[in-house]
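The numbering of the sequence shown is the UniProt record's numbering, which starts it at 1 and goes up by one.
One or more of the hints may lead you astray.
[As the list claims (entries may be wrong)] Calculated cross-link-like contacts (lysine to any residue; reagent style SDA-like; alpha-carbon spacing at most 25 Å):
| # | residue 1 | residue 2 |
| --- | --- | --- |
| 1 | K369 | G402 |
| 2 | K482 | D493 |
| 3 | K369 | S413 |
| 4 | K503 | V533 |
| 5 | K201 | M213 |
| 6 | K371 | E252 |
| 7 | K184 | M213 |
| 8 | K446 | D466 |
| 9 | K201 | E252 |
| 10 | K570 | D447 |
| 11 | K17 | T78 |
| 12 | K503 | D466 |
| 13 | K215 | I33 |
| 14 | K48 | T239 |
| 15 | K482 | Q549 |
| 16 | K513 | L628 |
| 17 | K271 | Q344 |
| 18 | K371 | E388 |
| 19 | K521 | S499 |
| 20 | K521 | N624 |
| 21 | K457 | D480 |
| 22 | K371 | Q344 |
| 23 | K446 | G495 |
| 24 | K353 | L265 |
| 25 | K399 | T409 |
| 26 | K446 | R556 |
| 27 | K521 | V600 |
| 28 | K433 | Q549 |
| 29 | K399 | P264 |
| 30 | K399 | F484 |
| 31 | K614 | R467 |
| 32 | K271 | D350 |
| 33 | K511 | K521 |
The set of hints was computed from the structure by calculation and includes no laboratory data. Treat the numbers as computed from the prediction; the structure is a model and nothing was measured.
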Amino acid sequence: MTVQTQKETLGFQTEVKQLLQLMIHSLYSNKEIFLRELISNAADASDKLRFEALTQPALLENDGDLRIRVSFDATANTLTIDDNGIGMSRDEAIAHLGTIAKSGTGDFLRQLSGDQKKDSQLIGQFGVGFYSAFIVADQVDVYSRRAGLPASEGVHWSSRGEGEFDVESIDKPERGTRIVLHLKDDQRDFADGWRLRGIIKKYSDHIGLPIQMVKEHHGEDAPAEIEWETVNRASALWTRPRTEITDAEYQEFYKHAAHDHQDPLAWSHNKVEGKLEYTSLLYVPGHAPFDLYHRDAPKGLKLYVQRVFVMDQAEQFLPLYLRFIKGVVDSNDLSLNVSREILQSGPVIDSMKSALTKRSLDMLEKLAKDKPEIYAGFWKQFGQVLKEGPAEDFNNREKIAGLLRFASTHDASGEPSVSLADYVGRMIEGQDKIYFLTGDSHTQVKDSPHLEVFRKKGIEVLLLTDRIDEWLMGYLTEFDGKSFVDVARGDLDLGALESAEDKQAQEAVAKDKQALVDRIKSALGEDVADVRVSHRLTDSPAILAIGEQDLGLQMRQILEASGQKVPDSKPVFEFNPAHPLIGKLDQEGDAARFDDLSRVLFDQAALAAGDTLKDPAAYVRRLNKLLLELSA
Numbered sequence: 001m002t003v004q005t006q007k008e009t010l011g012f013q014t015e016v017k018q019l020l021q022l023m024i025h026s027l028y029s030n031k032e033i034f035l036r037e038l039i040s041n042a043a044d045a046s047d048k049l050r051f052e053a054l055t056q057p058a059l060l061e062n063d064g065d066l067r068i069r070v071s072f073d074a075t076a077n078t079l080t081i082d083d084n085g086i087g088m089s090r091d092e093a094i095a096h097l098g099t100i101a102k103s104g105t106g107d108f109l110r111q112l113s114g115d116q117k118k119d120s121q122l123i124g125q126f127g128v129g130f131y132s133a134f135i136v137a138d139q140v141d142v143y144s145r146r147a148g149l150p151a152s153e154g155v156h157w158s159s160r161g162e163g164e165f166d167v168e169s170i171d172k173p174e175r176g177t178r179i180v181l182h183l184k185d186d187q188r189d190f191a192d193g194w195r196l197r198g199i200i201k202k203y204s205d206h207i208g209l210p211i212q213m214v215k216e217h218h219g220e221d222a223p224a225e226i227e228w229e230t231v232n233r234a235s236a237l238w239t240r241p242r243t244e245i246t247d248a249e250y251q252e253f254y255k256h257a258a259h260d261h262q263d264p265l266a267w268s269h270n271k272v273e274g275k276l277e278y279t280s281l282l283y284v285p286g287h288a289p290f291d292l293y294h295r296d297a298p299k300g301l302k303l304y305v306q307r308v309f310v311m312d313q314a315e316q317f318l319p320l321y322l323r324f325i326k327g328v329v330d331s332n333d334l335s336l337n338v339s340r341e342i343l344q345s346g347p348v349i350d351s352m353k354s355a356l357t358k359r360s361l362d363m364l365e366k367l368a369k370d371k372p373e374i375y376a377g378f379w380k381q382f383g384q385v386l387k388e389g390p391a392e393d394f395n396n397r398e399k400i401a402g403l404l405r406f407a408s409t410h411d412a413s414g415e416p417s418v419s420l421a422d423y424v425g426r427m428i429e430g431q432d433k434i435y436f437l438t439g440d441s442h443t444q445v446k447d448s449p450h451l452e453v454f455r456k457k458g459i460e461v462l463l464l465t466d467r468i469d470e471w472l473m474g475y476l477t478e479f480d481g482k483s484f485v486d487v488a489r490g491d492l493d494l495g496a497l498e499s500a501e502d503k504q505a506q507e508a509v510a511k512d513k514q515a516l517v518d519r520i521k522s523a524l525g526e527d528v529a530d531v532r533v534s535h536r537l538t539d540s541p542a543i544l545a546i547g548e549q550d551l552g553l554q555m556r557q558i559l560e561a562s563g564q565k566v567p568d569s570k571p572v573f574e575f576n577p578a579h580p581l582i583g584k585l586d587q588e589g590d591a592a593r594f595d596d597l598s599r600v601l602f603d604q605a606a607l608a609a610g611d612t613l614k615d616p617a618a619y620v621r622r623l624n625k626l627l628l629e630l631s632a
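Put together the whole structure using the sequences plus the hints.
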């Protein structure tokens, strides 16, 4: 390398500085994974070259044998990772190594707590493997040239990880990237052939191209020329028979493919032969990425065609509600020059998407059945995303429903641990519906007056408190032949759970209280759609029921928060004729006092439902007035 020009010193992006501080201060408890991260990046660079060379063969520069080389110099205390992949131009080196052009970076950094253990999990989610080099090195030099550029347009990037880096143009005859780590004094054991071979075998054996090291000659004269030997299997893991792959190998491949440092919860490896031929290796991650809810966040599977890498984040093979699934799909039925546009539709894509979706759901089903405690952890991470499924995937609606978990009146913990199959298995004699209640919080719904008749009769009710739940139930109409009923909506009919005598008694009470119904309706006026005697209440004086076709509180709040117009709707005021307050209201002869009492009961019912009052000051005035009268 003779030519050195245009040298400049630049500052790291603020976000990179923060990440470097986390890395350098022993963020990873297992320091040796830095080598896995750098080899993984080198493998990605080779995949990208192989793909671009499909349409531009000249990029291979008469050297199509892609490989990664790892070498060391114990005297100089350096470690070198060299690849002949796609390489980087000067601008790309500045962009890729000095900044983080990733959506949600600010959100990610705001989540950092200063707790090393928690932050290490976040850093793994963010996927910034290159910076892990600074765990073991006090200086990192990168020499690179992008394939297709002249030798004079190589670049040398150098940094000590202290806030800035140097960049200069160099001559680099060979394409690709060479990273030289100047190891810290206390990390000299990484400049050791036996140690490095062990790490490569442990973490990178599955990489589908050769990882080479200089052949060591023990007790014999070394040859005049350097001999390189491959130290990994150098075959794509998914192409090997399942019986030959260990759990540890599956886990390490996941960490490479997903750029994650935690083990996956489950995986599914399948080869399809016949009309379509493809292999898939799908994983369920152990944690949600920080950008799971960012619409432009990368998602999808790695796509290979006949073992040749074609595309990262091919999102066309799984529906959006399964965007957390990671892995690879290798097809024999797609063209090597397939594009994202071509992947949008077609019988081959549709068939593969349908099969991979089913495979993913089967994997989750097996996890839920065999390892319920692990599935509970999965649900905390990805439950809200899975709830998008019934609206998006009609054909698999029942299968998705079986994977959902809810809190329930039969579980005091308040955790979403009840499956619909659990619920159906506990239904009491005569029950043919699945009852549920939505609300803002578990505290609010578990004490809701709407549950009183269900507690009395021992009927289980599902308690739904995620913001997405009311929207979900608009698409989830039945399970196992049982329809869903919102206990806060419409005129509750318990069907066979109430005897003919019960229904006759209710009709008699309603007829007897018709005059009171009319008086309350007059007092509440335009604020209610109707007033009726309630069959739901045993302890509370009144509740507000939602009309059958009206939006519930959750959906109204979501629409209002997004600035959309909310359709006008009015609740139905239901009162408990057996409650002492209703008895006093019925006997109240003063019209003004009757109106005040009716209004107070109406506002209290709204508060119990989790709603906000239209006129809180008026409620306080009425309540204070009544309290003063009582104390007089």
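Okay, the hints, checked on the actual structure:
no.	hint	in the structure
1	K369 <-> G402	holds, 11 Å
2	K482 <-> D493	holds, 15 Å
3	K369 <-> S413	holds, 21 Å
4	K503 <-> V533	holds, 13 Å
5	K201 <-> M213	holds, 12 Å
6	K371 <-> E252	holds, 21 Å
7	K184 <-> M213	holds, 22 Å
8	K446 <-> D466	holds, 14 Å
9	K201 <-> E252	holds, 10 Å
10	K570 <-> D447	holds, 23 Å
11	K17 <-> T78	holds, 24 Å
12	K503 <-> D466	violated, 35 Å
13	K215 <-> I33	holds, 23 Å
14	K48 <-> T239	holds, 20 Å
15	K482 <-> Q549	holds, 20 Å
16	K513 <-> L628	violated, 29 Å
17	K271 <-> Q344	holds, 23 Å
18	K371 <-> E388	holds, 23 Å
19	K521 <-> S499	violated, 29 Å
20	K521 <-> N624	holds, 23 Å
21	K457 <-> D480	holds, 23 Å
22	K371 <-> Q344	violated, 36 Å
23	K446 <-> G495	holds, 23 Å
24	K353 <-> L265	holds, 22 Å
25	K399 <-> T409	holds, 24 Å
26	K446 <-> R556	holds, 21 Å
27	K521 <-> V600	holds, 14 Å
28	K433 <-> Q549	holds, 19 Å
29	K399 <-> P264	holds, 22 Å
30	K399 <-> F484	holds, 16 Å
31	K614 <-> R467	holds, 22 Å
32	K271 <-> D350	holds, 17 Å
33	K511 <-> K521	holds, 15 Å
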